[in-house]
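Undergrad: Next come the chains, spelled out residue by residue.
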Amino acid sequence: GAVVSQHPSRVICKSGTSVKIECRSLDFQATTMFWYRQFPKKSLMLMATSNEGSKATYEQGVEKDKFLINHASLTLSTLTVTSAHPEDSSFYICSARSSGRNQPQHFGDGTRLSIL
Amino acid sequence: DAKTTQPNSMESNEEEPVHLPCNHSTISGTDYIHWYRQLPSQGPEYVIHGLTSNVNNRMASLAIAEDRKSSTLILHRATLRDAAVYYCILRDGAPYNTDKLIFGTGTRLQVFP
Chain A
2 GAVVSQHPSR
12 VICKSGTSVK
22 IECRSLDFQA
32 TTMFWYRQFP
42 KKSLMLMATS
52 NEGSKATYEQ
62 GVEKDKFLIN
72 HASLTLSTLT
82 VTSAHPEDSS
92 FYICSARSSG
102 RNQPQHFGDG
112 TRLSIL
Chain B
2 DAKTTQPNSM
12 ESNEEEPVHL
22 PCNHSTISGT
32 DYIHWYRQLP
42 SQGPEYVIHG
52 LTSNVNNRMA
62 SLAIAEDRKS
72 STLILHRATL
82 RDAAVYYCIL
92 RDGAPYNTDK
102 LIFGTGTRLQ
112 VFP
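Chains A and B, in that order, give the protein sequences. Quick note on my numbering: the first sequence kicks off at 2 and runs consecutively. Quick note on my numbering: the second sequence kicks off at 2 and runs consecutively.
Quick caveat, the hints were computed from the structure, so don't treat them as lab data. Do not take every clue at face value.
[What the hints assert, rightly or not] Only part of the chain B face toward chain A is listed, based on derived beta-carbon distances under 8 Å:
1. Gln43
2. Gly44
3. Glu46
4. Tyr47
5. His50
6. Gly51
7. Asn55
8. Asp100
9. Lys101
10. Leu102
11. Gly105
12. Gly107
13. Val112
14. Phe113
All values reported here derive from a predicted model rather than from experimental measurement. Glycine is no exception: its CB is placed at the ideal position from the N, C-alpha and C atoms.
Just chain B, same shape as in the assembly:
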């Protein structure tokens, strides 16, 4: 499975935008970029995913580099409830793939009031 690299931790102040980077230099043409987050003592929560084009939803935006070797999850206005571990995961979209998620270490986001 192609690997991702994320900073161990990041900090933000409430109401400010947050840009969470992810490097995936060995991404293949069929890999989708998925983001999940995990709040303390809970299971992960789906955030967003994309293939080539930038994506927006009610939770966040995903900016994907033109060469697809990196991406950035954007939280437009951080709240205290956004404090979590954010995981960037490559998921092979090829038909023969088992479609499983392999979690890395993620980025622990702290949000300060």
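Same shape as in the complex, but just chain A:
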């Protein structure tokens, strides 16, 4: 089946640090990638949708200058949490979908971000 690799799986860093998370589709070309955030015991919240070669579309309430998304190729999207603070600590998950409508989304295993 389709595989999405997310890296790193865990990050612990100091407040004010910027953190980059990578999401790669390993065996298919992902025209669209999605970024989610999940707090403990809560459901996934969609943050943004990114299409290869164009600007990401952010959900309401998500700061685009805080969460920078780049989708420069059909197999890689990155999320950069800029100047992270303790309230940004969360589980960040990406997903990718190949071309063709109604194809399933394939999810990475998530990145647990802890800001001290």
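Given the coordinates of chain A, work out where chain B should sit on it, guided by the hints.
TA: Below, chain B alone, put in the same frame as chain A:
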């Protein structure tokens, strides 16, 4: 986006069938019914999806009511590895749609040996 309603939690014994219900009374004609599950500390995993007809795959079966206002995910023989949160999600298949998934609270399935 059309909403879904699922029980917060369900329990099952190993080797028994499990029927996970989902209500979606405001479903539109172009909405597909998708099911994903999330194991602890992992990203969600696609399970199955359908539009009108019942669907089967190696993981599960999806039974869709004739009026499409409800559906049931069927795990034929639950194993301990099936313990997860199961999400029922409506996804608009219309060409103009952004194709994003909006997750609700899901059903937490516990499986007992």
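Undergrad: Need the list of violated hint numbers for this structure, in ascending order.
TA: Numbers 6, 7, 13 and 14, in rising order.
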